[in-house]
Amino acid sequence: MRILIKLAWRNLFRNHRRTLIMLSAITVGVWAMIFMTAMTQGMVSQMVHDGISVIPGHVQARNPNYGDDPTVNNLLPVPDSGIAGRLEGRGFSSWSTRLSVPAVISSERESRGVTLLGIDPEREADFTFVDLETIDGRYLEGVSDQGVLIGAKLLERLKTRLGNRIVLMSQTPDNDIADRGFRIVGVFNAKVELWEETWVLTGKETLQTMLGVPDQVTEAIVFGDNYRQVDEVADSVGDVFDNSVSVQRWTELDRYLGTMLEVMDGFTLVWVVVIFLALSFGLVNTLVMAVFERVREIGLMLALGMRPSSILGQIVIESMLLLIIGLALGNVLAWLSVSAFPDGIDVSIVAKGMEMMGASSILMLDLRLQDVVLANSVVLILGFLASLSPAWRASRYDPIEAIHKVD
Amino acid sequence: MSAVRCVDVCKTYRQGDEDIHALDHVSIEIANGGFVCLSAPSGGGKTTLLNAIGGLDVPDSGEIYIDEQRIDNLNKGELAALRLQKIGFVFQAFNLIPVLSARENVEFVMQVQGVAADKRRSLAMSILDEVGLGGLEERRPAEMSGGQQQRVAVARAIVSRPALVLADEPTANLDSKTSDELMELFTELNTHHRTTFIIATHDRRVMSYAKRLIKMLDGRIVDDIAQA
Amino acid sequence: MILTLRLAWRNLWRHARRTWLTIGAMVFSNVLLVFMISFQFSVYDLMINNSLRAFSGHMQVQAPGYIDDGSMRQTVAEIVPLASRLRQDFPDADIAARASGFVLASSEQRSYGIAVYGVEPAFEPSASSIPGLVTDGRFVESGDEVIIGTVLARNLRVSVGDELTMLGSGRDGSFAAAVMTIVGIFDSGIPDLDRSIAEIPLATFQEVFYMRGSGHQIVINAPTIDSASDYRQRIRALLPDDLELHDWTALQPGLKQAITADLSSSFFVYGVLVILVAFSVLNTGLMSVLERTREFGILMALGIAPGRLGRLVLLETALMGAIGILLGALLGGILTAYFGVTGFVVPGMEEMAVRFNLPARLYPGISVVTLFAGPFVVFLVSILATLYPAFRLNRLQPVEAMRAA
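Chains as they are written, first to last, in my numbering: chain A, 1 to 407; chain B, 408 to 635; chain C, 636 to 1040.
Okay, chain A solo, but in the shape it has when bound (with noise of 0.2 Å):
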């Protein structure tokens, strides 16, 4: 065996040229399909990250009706109080509760249509959307807290400023219209302008008062340990209420992204394969012709005694040694391009775009272990299939015949 490998290696750069191509062939498919399944992992994770923290949550509980009809009307049919109490301590990394109803908010100058979140801040600040270093203005305090944050950008199309006074109207349970004035005491950022532009925050008590629901609620948030694994959460926060509460993941919340999140492991596997592929034309050939230079040798090898298992398995040892080495470079281009970018990449140019995709301007990279590991193990086991053939038909030559083949 140590012969063979010996041999193998010798071979292998015999024709250092030829070899170099093809371990560039390999080393750049190998670090294409890491560095690009790093972009697009990056990509989905971020976008599920984000997707969550405006969904948000892994796992939420509400009335069954929300979902076709998400206003006031379908509040959750447990009080607050009491769900409070049956969430605590139950080892989720965080929950908590708010109130969330379409409104429609009017500057002095301007109107728009918003959604409404009574929160309660503290427990928010785990998971919220706003940027909580960059507001303008202050975060809010508590769940009494009289006061609106808004986004920057609804702040500049209702032409109003911080300080202000604005009108927001939404509807009660019974279908008549509740108006109050409120001051803006933070104008906040968040990573997509649509958000800016979507939610107006306050205190949950005071939307609560507002629109004559006290201690009701529209939703229950619970986040878990991993985006990936919430079968485990949804199970408990099921065990919490009983069945007029609808609990749903956050994959059934947001379908897109859900989706997303498939379509995109899947789009690895493909991508690692189909480039293997375009690679193996290029291995395939560079045996072929390894074994093609060298009839007579194999010819002398198998005249001397040696048995055809061993020219193939020499052969394909060769295969995977040039496959080996291949990896190993292309891993370790991979990982550096990956490390080139520790911010990620600014895509802010096509950030519209982006937005339409759901996905933020910044590209993160995530180089995970699994997807490394994918795509050499893809590459290891279709690269000794594709050395097979050559390698069979080497260990077939007639000695006699190929110690006398003249080129």
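Incorrect hints may appear among the rest.
What the hints assert, rightly or not - Dumping the calculated DMTMM-like pairs for lysine to aspartate or glutamate here, alpha-carbon to alpha-carbon at most 25 Å:
(1) A/Lys153 - C/Asp703
(2) C/Lys891 - A/Asp50
(3) A/Lys153 - C/Asp704
Claimed, not checked - These stretches of chain C come out as covered by chain B in the derived footprint (C-beta under 8 Å, 3 or more residues):
(4) 637 to 643
(5) 931 to 940
(6) 1031 to 1037
Hints in this document: simulated from the structure, not taken from any laboratory. Where a beta carbon is used, it is the ideal one built from N, C-alpha and C, also for glycine.
Following the hints, complete the assembly by docking chains B and C onto the known chain A.
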């Protein structure tokens, strides 16, 4: 007028730690229509001299003239053009393009020379006939014997009527009968077209055909005999 | 030339397996490129058409700044006469005037903030696909009539014949209110539109919101998207200077950028494929030159210039590339045509498709460009990759070359 004139030509190779004097102050003159054999043991310098005359190798010093045109100071492109127009080469066996037929091998050189297609074809057919390959024009090299292959090479070398044909061990891979036939062909071409032949060989049968026999040893001319 | 071509062709088949493997790499990439590019461009066309035909149009005439602020006050004066003048000058284009505002729309049971559009009942059906998508009832004609989207109708719990109260502010900032009758419900399939807009006759809008004859946008559709930029120039020349004419890339920057973003990531994919083919070709080219060293040496000794031999090697690659183009375009075309008939569904794509105004089943179309663009690039890059082995011939010394095994 001389076909080839060499004046004090030197060429030294380094092999390991040793300097090999492949050509050591060689001066010769070969007249038009000459039929010369260069004979020397292996390493005697005959191939080096032939290559220098053919412009394949540039001497370290000395002067070489073909048709009184100095060639040792020409560049690669000029040398290529010179070989194409004025010199025909015949090497040891296996020197045809394997994927082309006998006729196409002959035509290929003419095409590069810029001969028109129809003229090329008739010339190739007649020259192949002349070297005794009539009827074998469409065979590929692999389908011909060694002697037949060498005849194609000869046809290729003389088709453009060069003044000078250089042959390096042309019979090395041929049996004695085929060798005789090839030499008779050379003699005939020499008589008919007054083409100058310089043949490097160590085959005594070949030497017996020569009008002039030049013997070399260690890069020097040691003997120069006119033969009947 | 014929002889050289024949020589190149026969040289290729000295190693038929190697040649086929190299062509195989080209064909593999070409088929992928043809299918992916055809698919991609069909999708883009569909995205653009669906999105633009639905509502925003190829271009819009607006007051300066309206595109950014969308304020009620940024109006186009005397919008109806202006629109009809444009219609006279450009009879082939579909042109319709609109005004828009923001209101709180209330039914008996529910209230939602929505955008309300005043549209010209006679012309809107040709400028936007919404009037044609009224699935229940009919499009607005005159007076206090309104159509709304299916999602909004469901959310408001209303149906055709019900009344809808609209509260908002007029052009001068004063309170504006109207009670309208729902005459139709449309289903555009675009969630944003179905959820959040209502259309009423422009005349009614101007009255309710105190517009005094003005409006906010004139939507213009050129006969085709390709002729849009030509129309844009001609229309621009006729418009007063105080009005702006925006094309679809400005009206829907997300669309354009989503396409750009998608294109750039695809170019990465295509680039990698092409580079891998280039390596294959480079390898084959180098092998074919190295193994013929002796042969080339003899040819050079005969006086054939290295440049000519280099061209021979390039010609050999060009022949492989040509087979690659033909087979790639043929197989890629068949594959694309097959899906063009049966349609193409990526599992789990439905949700993604909706987001980009696309149907779940896509039918890729083929054009000369999508069929040959990819294979042609592969061809060029293959030639480039062969330059190295071809130039190496210049370094060949005939004497040494002839000695090579």
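Against the structure, the hints:
As the CA atoms of A/Lys153 and C/Asp703 are separated by approximately 11 Å, the hinted pair is consistent with the 25 Å bound. Between C/Lys891 and A/Asp50 the CA atoms are separated by roughly 23 Å; this keeps the pair inside 25 Å, and the hint holds. Annotation: proposed proximity of A/Lys153 to C/Asp704 holds, straight-line Cα distance about 10 Å (limit 25 Å). Closer than 8 Å: that is the beta-carbon criterion, and the region 637 to 643 of chain C has 5 residues meeting it against chain B, so the requirement of 3 holds.
Requiring three or more residues with a Cβ within less than 8 Å of a Cβ of chain B, the coverage given for the region 931 to 940 of chain C holds, as 8 such residues are present. Residues of the region 1031 to 1037 of chain C lying with their CB closer than 8 Å to a CB of chain B number 3, which satisfies the three-residue condition for coverage.
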